Amino acid sequence: MSAVCILAPVVIAAWPAFSAAVMAAAASLGYQVAADAAAAKSSEVKKQAGQVQLEMANSEIVTNQLGRDQRIQVTRDGVTVTFSRDARGRASLCVTGHGMKDAALQAMGEELSQRVVQKYVYQKLLDEMRARGFVVVDEQTDAQHAIRLKVRHWEG
Amino acid sequence: MGQRWLRLNKTMPQREFDITIGKDGSVELTVKGYKGKGCLEAVKLFEKIVGELRSEQKTNEFYEPEENVQYRIDQRM
Numbered sequence: 001m002s003a004v005c006i007l008a009p010v011v012i013a014a015w016p017a018f019s020a021a022v023m024a025a026a027a028s029l030g031y032q033v034a035a036d037a038a039a040a041k042s043s044e045v046k047k048q049a050g051q052v053q054l055e056m057a058n059s060e061i062v063t064n065q066l067g068r069d070q071r072i073q074v075t076r077d078g079v080t081v082t083f084s085r086d087a088r089g090r091a092s093l094c095v096t097g098h099g100m101k102d103a104a105l106q107a108m109g110e111e112l113s114q115r116v117v118q119k120y121v122y123q124k125l126l127d128e129m130r131a132r133g134f135v136v137v138d139e140q141t142d143a144q145h146a147i148r149l150k151v152r153h154w155e156g
Numbered sequence: 001m002g003q004r005w006l007r008l009n010k011t012m013p014q015r016e017f018d019i020t021i022g023k024d025g026s027v028e029l030t031v032k033g034y035k036g037k038g039c040l041e042a043v044k045l046f047e048k049i050v051g052e053l054r055s056e057q058k059t060n061e062f063y064e065p066e067e068n069v070q071y072r073i074d075q076r077m
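Residue numbers (this note's numbering), protein chains in the order written: chain A, 1 to 156; chain B, 1 to 77.
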């Protein structure tokens with residue numbers, strides 16, 4: 001062994017990569033993709049009983065499509081989570097649900113938000129490592145939903 | 001007495017990485033197979049891919065001599 005280190009994730013992604021991570025995370029937590037951008041926007045207008053707005057720390061959604069409304073909406077058990085890119089370019093999510101307390105909505109939003117970051121980091125690591133000739137020889141997901149990868153690389 | 005320098009390079013050394021992506025997306029990386037400071041380059045690569053380095057713990061192998069070592073062999077003529 002040579003070193004052990006802890007890295008904090010930074011999400012800098014174009015919208016397609018980010019939305020792919022959202023869909024992967026949503027599917028793993030039992031959410032379904034609800035609608036396209038237009039439907040998501042129209043549903044937002046409706047008065048919701050409970051609504052919590054969260055921001056994903058250390059995130060930046062890069063885009064060259066200025067002015068275009070980019071968002072993705074997922075639902076589970078009457079709760080709707082809408083991911084979008086805010087004015088500063090950060091990823092944000094709005095969690096809404098009838099008859100639910102803000103704390104419960106916040107917990108659901110944070111759980112999904114963390115899963116999105118995990119899926120994003122997982123995919124980025126796989127893409128970057130494969131591009132550099134690294135080989136994933138083992139992959140497991142443990143009971144705490146942590147993803148464990150064993151990777152080899154031969155240098156010559 | 002003649003002297004000869006012989007440079008020995010190990011070919012295709014295997015590096016191994018244990019990566020744990022926590023449920024919040026944080027990454028614990030264990031780098032194996034490096035001797036000396038070579039592992040710092042590997043850590044930098046993962047830092048570039050994932051994000052900010054929060055903590056780093058060097059193991060005993062970090063302080064061992066690097067792999068491209070020159071061996072001195074004395075020959076009696």
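Since the hints were derived computationally from the structure, they do not count as laboratory data.
Be aware that a few hints might be false.
In silico DSS-like links for lysine-lysine, alpha-carbon gap of 27 Å or less [stated by the list, open to error]: (1) B/K37 - A/K124; (2) B/K58 - A/K150; (3) A/K150 - A/K124; (4) B/K23 - A/K124; (5) B/K48 - B/K23; (6) B/K58 - B/K23; (7) B/K48 - A/K150.
Under 7 Å between C-beta atoms, here's a sample of chain A residues computed to sit facing chain B [as the list claims (entries may be wrong)]: (8) I6; (9) G30; (10) V33; (11) E128.
All values derive from a computational prediction rather than experimental measurement.
Cβ coordinates follow ideal geometry from the N, Cα and C atoms, glycine included.
Status of the hints after comparison with the structure:
1. Simply put, B/K37 and A/K124 have alpha-carbon atoms about 26 Å apart, close enough for the 27 Å limit, and the pair holds.
2. With a C-alpha separation of about 19 Å, the suggested pair B/K58 and A/K150 falls inside the 27 Å cut-off, and the hint holds.
3. Distance check on the hinted pair: A/K150 and A/K124 sit about 16 Å apart at the alpha-carbon level, within 27 Å; holds.
4. Between the alpha carbons of B/K23 and A/K124 the distance comes to roughly 15 Å, so the proposed pair stays at or under 27 Å and holds.
5. For a cut-off of 27 Å, the pair hint linking B/K48 to B/K23 stands: about 20 Å separates their Cα positions.
6. Restraint check for B/K58 and B/K23: the C-alpha separation of about 25 Å stays at or below 27 Å, so the hint holds.
7. Between the alpha carbons of B/K48 and A/K150 the distance comes to roughly 19 Å, so the proposed pair stays at or under 27 Å and holds.
8. The interface hint given for A/I6 holds, since its Cβ lies 4 Å from the closest Cβ of chain B, which is under the 7 Å cut-off.
9. Checking A/G30 against chain B by beta carbon gives a least distance of about 15 Å; that is not within 7 Å, so the hint is violated.
10. With a cut of 7 Å, the hint placing A/V33 at the interface with chain B is violated, because the nearest CB-to-CB distance is about 21 Å.
11. Against a cut-off of 7 Å between C-beta atoms, the interface hint on A/E128 holds, since the closest Cβ of chain B lies about 5 Å away.
Taken one by one, the earlier hints fail for this structure at numbers 9, 10, listed in ascending order.
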